[in-house]
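So you can see what is in the structure, the chains are spelled out below.
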Amino acid sequence: MADLGAISLWIALALSSYATIGSVLGKLRGVPALVESSRKAVYVLMLVMLVGTLSLVTAFISRDFEIAYVAGHSSRAMPDILTWVAFYAGNEGSLLYISFVLSVMSAIAIWLAPAKLRESLPYTVATLMLVQTFFIAVMAVMANPFEKLPVVPLDGEGINPLLTHFGMFFHPPALMAGLIGITIPFAFALGSLLGKQTKDEWVDVGRVWGIITWALLASGLLLGSWWAYTILGWGGFWFWDPVENAAFMPWLGLTAFVHSIMVQKRRGMFRMWNIVLINIAFSLALYGMFMNRGGPVPSVHSFGASSLGWIFLLFLAVGTIVPFAIFFWRFKLLKSAQNLDSMLSREAAFLINNLLLLGIAFVTLWGTVYPLIFRAVGSGQEITVARPFYDQVNGPLLLALIFLMGVGPLIPWRRANFASLRRSLLLPVAFAVGVAAVLLVLGMRQPYALLGFCLGAVVAAGIFIEWWRGTSSRHRSSGESYPMAFMRLIAANRPRYGGYIVHLAVVMVALGVLGSSFFNTQRDVVLAEGESTELGGYRMEYIGTRSIPFPDRTEFLSTVQVYREGQLLETMIATRTFYPSFNMASTRAAIRSTPVEDFFVVPSENLPDGSVGFRILVNPMIWWMWVAGPVLVLGTVIALWPQPVRETARVPSKVRVPVGSTPGPA
Amino acid sequence: MAPHPALPDAVMAIFIGALLALLSICVVVYPFLKPRAVFSQTTRPPDHNQETLEEGPGLETIYEAIQTLQLEHQLGKIPLGLYREQLGAYRIQAALALRQQAELLSQDADWVLEQEVMLARASLVPSALVISNGKTAPCPNCGVAIGVEFSQCPECSVELGSAGRETPLN
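One line per chain: the protein sequences are B and L, in this order.
Each residue of the first sequence is one higher than the last, beginning at 330 in our numbering.
Each residue of the second sequence is one higher than the last, beginning at 241 in our numbering.
In case anyone wonders, no lab produced these hints; they're calculated from the structure.
Heads up, the beta-carbon is just placed ideally off N, CA and C, and yes, glycines get one too.
Careful, some of the hints might be misleading.
Short, incomplete list of chain B residues facing chain L, as computed with Cβ under 10 Å [what the hints assert, rightly or not]:
1. 357
2. 361
3. 645
4. 824
Reference excerpt, derived from the structure (chain B facing chain L, CB under 8 Å, subset only) [what the hints assert, rightly or not]:
5. 333
6. 370
7. 741
8. 744
9. 793
10. 795
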């Protein structure tokens with residue numbers, strides 16, 4: 330398998346290089362056959378990358394320890410189901426995964442590209458294949474996943490214990506697919522600039538791929554947070570770690586883009602701005618990959634020590650400078666078809682939303698790079714930018730963003746007046762005031778949290794009121810039952826209401842963040858068998874621990890019983906596993922999760938006398954955050970679901986009648 | 241420590257790799273061997289009918305905008321005066337788009353007409369590519385002999401100017 334994998338890599342490198350050069354040369358020299366041939370190379374490249382990928386998967390399944398990567402990330406004791414995780418557990422395999430995903434996405438994107446993009450498509454192909462060439466070349470030369478060991482070991486080193494979690498089946502693949510997926514809308518934008526199709530030709534395809542990529546990144550981030558919450562043992566889900574931030578920033582850039590592209594689609598505006606946004610998102614994605622692979626900051630999310638840092642830094646520099654240079658080169662062709670009619674319009678709301686999102690991305694970027702700058706100029710001194718900085722600066726910006734998410738959909742396109750806006754806002758604001766009153770009565774006094782919940786209430790109320798009005802209107806006019814009227818309302822306005830469902834998911838995430846950040850309680854305690862402790866109205870009794878030896882690990886299962894008001898709620902098992910070959914322990918929290926709050930317990934240490942050190946937390950409302958994931962995916966699918974084809978105006982039939990035929994059926 | 245695996249794996253890998261390389265070469269070379277398909281794509285005027293239906297601020301987008309406007313008006317977000325004003329603006333846009341579409345389609349119709357005439361003329365003679373006076377010249381693209389007065393090759397659709405065509409064969 331090593332040989333076949335290596336051969337397929339070299340064939341893939343030849344194909345991607347050929348497609349890059351052939352596309353541009355064919356277009357510039359006017360050789361259509363060369364352009365066509367380059368486009369076909371994209372399709373066959375996908376097949377070649379599939380062979381390479383299957384070679385590595387087969388090597389893992391057959392435990393082919395002749396391959397250094399397989400020996401380094403699997404062992405005979407590893408369950409077969411973890412093969413998929415082991416595949417991208419290291420630098421080399423993850424590069425192969427990224428390259429394979431890019432090849433599939435590129436082939437689909439080029440295959441489905443509309444005919445109107447004919448002039449710019451060769452440049453789009455060249456951009457996609459240039460990025461592809463970079464990744465394959467890095468693999469072939471510097472990080473070959475098929476590199477052989479001089480002597481074949483009898484067993485492998487095994488998979489990193491932190492990766493043996495259900496979330497790992499989806500979190501890294503979704504995140505990596507999202508990061509590399511940004512290349513697709515970026516390539517269409519760059520292709521349109523180079524091909525001088527600078528009006529709105531690329532907007533539809535850019536929007537669709539932007540939303541797909543956005544959803545992949547959002548799902549990856551949420552799954553990563555869930556993984557951190559359940560396995561890392563500190564009870565939180567987001568650490569503002571530089572590598573976490575590196576995945577968060579492109580998502581912010583894409584969020585701005587998928588909103589802004591709607592304005593170009595609808596009004597022919599923001600043409601320059603959309604190019605700038607997708608360039609920024611692409612640069613931030615490259616920055617994320619740089620941080621993840623040999624970047625300057627070690628992290629639980631990165632691939633550890635790697636020599637690839639400088640090459641990714643170089644690619645980041647080129648990938649940032651060149652697109653902006655092309656943008657300035659074509660600047661004069663990017664004049665928008667229309668101007669902003671009013672600052673009180675949906676378009677203006679999108680613009681402010683974009684500025685806020687970029688503001689958050691900039692603050693996050695500054696917090697990530699400032700320690701590096703300080704270390705470079707401060708004679709090697711180390712400083713850390715941690716959560717208080719992000720809370721203080723990003724917190725108000727995020728609240729402003731939620732406010733805009735509530736108000737924006739209430740403002741119509743083109744122009745609104747204050748009277749109609751006031752009418753639209755009346756009920757949502759009244760509902761939010763009611764929520765605030767209830768929370769005050771319940772004893773909530775933190776102003777930020779109160780504001781956050783109220784703004785979330787405005788957003789949710791605005792959406793539900795619109796749905797209610799639309800549904801009852803259909804019910805009155807057509808006699809449809811309420812459920813049917815609601816379904817048809819959604820179906821008739823998929824992009825709009827798919828977006829609303831995504832907004833609801835964001836509100837759910839905000840609820841989880843606010844609840845667990847402002848109101849969580851925590852206790853670290855050592856308990857002997859039969860002892861108990863109390864926290865947040867719960868009483869937890871430690872029953873005992875049993876250990877189970879496995880060939881590669883020993884699992885310690887600690888059983889606890891959770892009571893509330895003297896009544897047993899649940900018997901839970903929290904796990905701590907020790908891996909001798911890694912000299913590392915991983916934990917698996919026991920969580921009793923409800924929409925109101927989570928009771929979270931994790932064993933942080935097993936002491937020789939049989940007692941166990943526990944970390945116990947009560948995290949209010951965090952349940953909403955994990956439920957938001959499927960809701961977000963549902964909203965994205967609805968937004969992207971194709972509308973039925975409408976009959977549009979046709980030219981009179983007599984013009985289409987073939988010459989020489991008589992009137993009547995041809 | 242175990243010894244290296246036996247040779248057949250490497251042989252099999254080279255065999256599959258060679259097949260993969262051969263397939264890649266065939267796919268990449270194929271467009272050069274099929275000039276008709278390539279040229280028909282590049283010399284034929286774009287399908288304006290389809291393009292107009294797909295293009296940006298075309299009818300589809302305006303239709304969606306009007307639909308959204310009506311929805312927002314029904315939901316009480318846009319007062320009647322503003323609704324009428326914006327609806328009027330969209331109608332003007334739609335009228336402009338329709339006119340543009342009609343212009344493009346008439347150009348398309350001219351091209352179709354030209355093709356039909358050419359094919360009809362060709363179908364009148366026993367050999368589709370030889371005309372009544374018997375003077376032919378090879379098409380510079382596909383090499384098929386065509387009547388000298390043809391401005392476009394009926395076989396491969398390439399545009400035929402007087403320059404670049406060889407002396408008549410007979």
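Taking the numbered hints from earlier one at a time, note which ones the structure violates and give those numbers from smallest to largest. 1, 3 and 9
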